[in-house]
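As you go down the protein sequences, you meet chains A and B in turn. Its first residue numbered 278, the first sequence is counted upward by one per residue in this note's numbering. Its first residue numbered 60, the second sequence is counted upward by one per residue in this note's numbering.
Please note that a few of the clues may not be correct.
Below, a list of computed lysine to any residue pairs in the SDA-like style, where the Cα atoms sit at most 25 angstroms apart [unchecked claim]:
no.	chain 1	residue 1	chain 2	residue 2
1	B	K208	A	F509
2	B	K180	B	R408
3	B	K423	A	G516
4	A	K424	B	G433
5	A	K424	A	A337
6	B	K180	B	E125
7	B	K208	A	G516
8	B	K208	A	Y455
Which chain B residues face chain A? A few, computed with CB under 10 angstroms, are given here [what the hints assert, rightly or not]:
no.	residue
9	L102
10	P106
11	A110
12	G439
Note that these hints are calculated values from the structure, not bench results. Note that beta-carbon positions come from the ideal geometry of N, C-alpha and C, so glycine has one too.
Each chain is listed here by its residues.
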Amino acid sequence: MSGAVTRTGLVDAARMQLRVIGALVIREMHTRFGRQRLGYLWLFAEPLLLGGVIALLHGASGGEGIRSSFEFFSIGFMLFQLLRGIVSRAPNTINANQTLLYHRQVTLPDLFFARHAIELAASAGVMALFVVAGIAMGGAAPDQPVKMILALVLMLLLAQGIAFMVGSITSEFEAAGYFVQIATFGIMPICGLMFMVEWLPPDWQEVALWMPTVHLFELMRDGQFGEQFRTFYDLSYIGWWIIGPHLLGLAGLRIARARVGLE
Amino acid sequence: MKLSPPTTAFEPAGEEPAWTPAPPPRRRRPWPIRLLRHPFAWLVLLPTVLAIVYFYLVAAPQYVSEARFVVRSRAEAPQPSLGNMISAAVGGAGGLSTAAEAHSVRDFLLSHDAVARAQDKIDLIAIWQRTEADLLARLRHEEPERLTKYYNGMVTAQLDGLTGLLTLRARAFRPEDARAIATTLIELSESLVNRLSERAREDSLRVAREEVAIAERRVLESRAALTRFREEQQDLDSAGSVQAAVATIGGLETALAAVQAELRERMAFMRPDNPALQVTRNRVAALERQIEAERSRRTQGGGALAQQLAGFERLMLERDFADRQLASATASLEGARMEAQRQQMYLARVVEPNLAVYPLYPRKLISVGSIFLGLSVAFGIGWLLVAGMREHAA
Chain A
278 MSGAVTRTGL
288 VDAARMQLRV
298 IGALVIREMH
308 TRFGRQRLGY
318 LWLFAEPLLL
328 GGVIALLHGA
338 SGGEGIRSSF
348 EFFSIGFMLF
358 QLLRGIVSRA
368 PNTINANQTL
378 LYHRQVTLPD
388 LFFARHAIEL
398 AASAGVMALF
408 VVAGIAMGGA
418 APDQPVKMIL
428 ALVLMLLLAQ
438 GIAFMVGSIT
448 SEFEAAGYFV
458 QIATFGIMPI
468 CGLMFMVEWL
478 PPDWQEVALW
488 MPTVHLFELM
498 RDGQFGEQFR
508 TFYDLSYIGW
518 WIIGPHLLGL
528 AGLRIARARV
538 GLE
Chain B
60 MKLSPPTTAF
70 EPAGEEPAWT
80 PAPPPRRRRP
90 WPIRLLRHPF
100 AWLVLLPTVL
110 AIVYFYLVAA
120 PQYVSEARFV
130 VRSRAEAPQP
140 SLGNMISAAV
150 GGAGGLSTAA
160 EAHSVRDFLL
170 SHDAVARAQD
180 KIDLIAIWQR
190 TEADLLARLR
200 HEEPERLTKY
210 YNGMVTAQLD
220 GLTGLLTLRA
230 RAFRPEDARA
240 IATTLIELSE
250 SLVNRLSERA
260 REDSLRVARE
270 EVAIAERRVL
280 ESRAALTRFR
290 EEQQDLDSAG
300 SVQAAVATIG
310 GLETALAAVQ
320 AELRERMAFM
330 RPDNPALQVT
340 RNRVAALERQ
350 IEAERSRRTQ
360 GGGALAQQLA
370 GFERLMLERD
380 FADRQLASAT
390 ASLEGARMEA
400 QRQQMYLARV
410 VEPNLAVYPL
420 YPRKLISVGS
430 IFLGLSVAFG
440 IGWLLVAGMR
450 EHAA
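Taking the hints into account, I'd like the entire structure generated from these sequences.
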């Protein structure tokens, strides 16, 4: 905080940070998919297969109306995939890229930003594919795509805050990473992917709405199905869930940076 | 760390002219100046101070009037009958339909329809544009859509899903205004419930009433047809006439049998040309002719008794059927009326709208606190991000 850095200095720094993140994205893609035959296509193939299988299983298992529909689970699963992809990869982000930290320009958040950009591209791309597939299979077009995009962006931010926290905690206590792996799957039945709040009895509805992801799934389904269902969501509640972990996580990463550098 | 240009803005305003010729190192400055030069002051403290000024000095007090009511139907009252007990055990459908009614009342209360009706009864626009209202909180646009938006900020209706209790809260700048809004809204909800209930009642009764009208018409028509038939045939009771005719023929046949016996008896001891025998023969012939004539009169031709009887019996049957239909239609109307009576919805006030004494709104401490907290956290994140960005340039 010397005060010597002026506004243009900040813009330069931001531009530099974007370049670093861009380079990190390319490196990450290469280390993850570079050696496989299909190459970068695996980025989309993995969630596509998972989401497709889950949607088909639920579709085949029967059920009433929308509960068994292809769109409900395939598109919902992509929102979940974004959260799962970001949070479950958070524990080893710092470890995997530790060597890069010898470059002064690479900061810890950059590593996370790069991974999150990849996850967002994968989830959003496959989700768009599923939307098109749903329409092609005779489903209705999304009612308000803006709300679905907003849900994606908010899910990215929510997952990012959590990922920062997870990353800074696991850099100190490595064992915490295993709990994160379990938790990302354990959260699946209660995160809002499997149900809509409207289906729950009234007293359970309140309990379900404590879960921030439930609000996001409701927001996305509001955009997806429009007025067909009553949806419950509170954007300010999600807002607190986004900025709280961001503050703690970013602060944690600054502490972690000092410790990681010592090794 | 300079996000905004306070440096240039503050240098001339510096209160210490003695320092200007040779400024000592930064650290020496007194802490209030240092705090003011920090972006935290501009991005967090200044908005918080503005919020404090607004909420504690400018904002007009807003009074809340609260009312609670339930939408009930008589069907929910326990009735000592087996059917009701079974349906209650299975999961009373009556309660569900009442919850649906409560939902529609809630939706009505938050709709433009309620705003328009309330505006007709009490002048909402004037209420929310009172002189004591401050600039930020008052109603600024009078178009119906924007009025509805503002209304939704000032009036809340919450439904407790389990009990069906609706809680209505209305805010205004004068206590009596808030109470007037709440009272009017309850009256509007009451008339809505009555309208819905009336409509359901009419629907269920209309079919039964139509049935009764049809049965009544049929009864009248059958009576009229019977009367017309009697006038045409000049005969009150065709069945009785038939019995009389049968009796006549029977009598004639008895007489004929007696005369024939007498003839045989006389032929045994009289000469064939005896005049007494001739008289008897004449009587037999006369009786046979008479029987023949009676038979043909009763059974053949247009006005024959057989035709008459058939028509008469058809009409009597029709009359019986019509009577029975009327009886059953009347009974089902009675049932429908009782059912409608039982299903009638009504709005029961649990808590009457109150006249506020202390203004609960605006919530000063919570608002100021959440503004400060939110800005601080946002500032913290921003600072961390910017600091991270700086590392790239360093």
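Return the numbers of the hints above that this structure violates; sort them in rising order. Checked against the structure, the hints that fail are numbers 5, 8, 9, 10 and 11, while the rest are satisfied.
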